[in-house]
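Student: For the sequence shown, the working numbering begins at 1 and goes up steadily by one.
There may be inaccurate statements among the hints.
Claimed, not checked - Pairs of lysine-lysine, DSS-like flavour, derived with a Cα cap of 30 Å:
#, residue 1, residue 2
1, K371, K217
2, K180, K338
3, K145, K48
4, K217, K145
5, K338, K217
Unchecked claim - Simulated restraints on C-beta separations:
#, residue 1, residue 2, range
6, Y275, F196, 30 to 38 Å
7, G345, Y73, 20 to 28 Å
8, W150, I65, 39 to 47 Å
9, Y363, M280, 39 to 47 Å
10, V53, G345, 31 to 39 Å
11, C219, Y73, 46 to 54 Å
12, F115, T215, 21 to 29 Å
13, G349, V317, 29 to 37 Å
14, V53, L368, 15 to 23 Å
15, L56, V335, 19 to 27 Å
16, P177, F213, 26 to 34 Å
17, I286, H63, 22 to 30 Å
18, F227, P177, 37 to 45 Å
Don't read these hints as lab results, they were simulated from the structure.
Beta carbons: idealized from backbone N, C-alpha and C, even for Gly.
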Amino acid sequence: MTQATPRRSPKEWFKKYFLEGQTLTSSQTKALENLDQNAPWYSKIIVKHRRVVGILIPFTIVHFIWWSCAIRYNYWELFPDRYFITITMVFGSLIAGMTSEGGSSVAFPVMTLAFQISPSIARDFSLMIQSVGMTAAAFTIFWMKIQLEWRSVIFCTTGGVLGMVIGLEFIDPNLTPPQKKMGFVSIWFAFAFALFLLNVYHKRVTFKIIPEFTTWKACTLLVTGVFGGIFSAISGSGLDVCSFSILTLLFRVSEKTATPTSVVLMAVNTVVGFYWRQVMMQAIHIDSYQYLAVCAPIVVLGAPLGSVIGSHFHRQVLASFNYLTDTVALISGFVIVKLDATLVGVSIGIIAFGFVFFGLLCYFGHRLMGKILKDWEDLGNNERVTVTDGSSTRCKKDLNEYDEEHSQGMSYIVENRGVIETHEVNSNLEKSDSCYTTHF
């Protein structure tokens, strides 16, 4: 007879979903463990309060520049007519740092649907503001030494630069404002379905980085970057969503790695988009700069703070933010935008295609994972994969997805060229000296 899982207390529930803990690189984990109590005060601050320092550094730099310009050019007169964008980006910057969706996931639909601002101005503003906020968040991620998938950063960025240029020069000019608005909300709603698929499968093995990296996986990331760059050229965001979907659904990388990776990707991609629009095309409207002026001091704190907060939240909490924002944006699009039969059909078609596409990604990711585990297990339990019951000792520090609610007394300890991941174990975990982790 199966023993019923005891109900959690409110304190345990809150700790599980909102204080899950960050995934840091091994060097930062060791630095925290080996901190000398007699170390100088500044060394203790940098190691023990690294997240605060990581937020304050970009915050101080940007605010010094912003206050200098605000005093010199009288930015105060911009706020009475544009304060609504400032308020919007308080939430947009936090969501950008916490989730795989950039600040554009809030800014673009609010500006184009709620305030009827031109999609081109909203897109340019999204690129500009994310080049500040996401760059600050990326700095915090680097400073905190939060785990990243560097192969995704390299290949998706390369493809993203190409896609951004193609999108800005050839695709975006040929789309009408209603098409841009409905295309954005439709694609993002389909992405919410991808997150739903991701969270349906609780009993799954995940990795800190892509397992068994090969040429076809590099090409997949490169192509993903191209399409993500094109989406970013239209709406100001897209590369982050594409990268996150491929990493989590197909390659089964943990959301705790995929989310900060998407933040770094968008930081680079938006800087490229900002540069191309201003320097190469010289087409950024003055309104976009004025919106930037009233939001820059907000996002430079909100995005890094969101990245730190999000690194502690449970994946289901982060997914809920995406469900909410994407659903509201889709409903608003159908209500506000003046649609004809063709645009309605295209929007529904995009959503349907997205559902099928992400469903196939999930299917092939499941098959790929099964093949990897089988290949590793065939090499011998002591070499690559160990599948054990709930009685043996495991390495708690290498846990990637720790969810006792769905534990069935079974665990996987996966060693992929020195990278160990454990998933679906019970609560009786102890540290073992035999556990180790190395990184590329």
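Student: Are the hints correct? Go through all of them and say.
Tutor: Hint check results:
1. K371 x K217: holds (15 Å)
2. K180 x K338: holds (13 Å)
3. K145 x K48: It holds: about 13 Å lies between the C-alpha atoms, which stays within 30 Å.
4. K217 x K145: With a Cα-Cα distance of about 25 Å, the restraint between K217 and K145 holds, given a limit of 30 Å.
5. K338 x K217: Answer violated: K338 to K217 is near 41 Å, above 30 Å.
6. Y275 x F196: 30 to 38 Å: About 36 Å separates the Cβ atoms of Y275 and F196, which means 30 to 38 Å holds.
7. G345 x Y73: 20 to 28 Å: For Y73 against G345, whose Cβ atoms are near 47 Å apart, the range 20 to 28 Å is violated.
8. W150 x I65: 39 to 47 Å: Since W150 and I65 have Cβ atoms about 30 Å apart, the given range 39 to 47 Å is violated.
9. Y363 x M280: 39 to 47 Å: This hint holds: roughly 41 Å between Cβ atoms.
10. V53 x G345: 31 to 39 Å: Once the Cβ atoms are compared, 52 Å apart, the range 31 to 39 Å for G345 and V53 is violated.
11. C219 x Y73: 46 to 54 Å: For C219 and Y73 the Cβ distance comes to about 47 Å; the hint holds.
12. F115 x T215: 21 to 29 Å: Check failed, 46 Å falls outside 21 to 29 Å.
13. G349 x V317: 29 to 37 Å: Distance hint for G349, V317 holds at roughly 32 Å.
14. V53 x L368: 15 to 23 Å: violated (40 Å)
15. L56 x V335: 19 to 27 Å: For L56 and V335 the Cβ distance comes to about 42 Å; the hint is violated.
16. P177 x F213: 26 to 34 Å: Between P177 and F213, where Cβ atoms are some 41 Å apart, the hint is violated.
17. I286 x H63: 22 to 30 Å: Given a distance of about 23 Å, which is inside 22 to 30 Å, the answer is holds.
18. F227 x P177: 37 to 45 Å: Cβ of F227 to Cβ of P177: about 22 Å, so the range 37 to 45 Å is violated.
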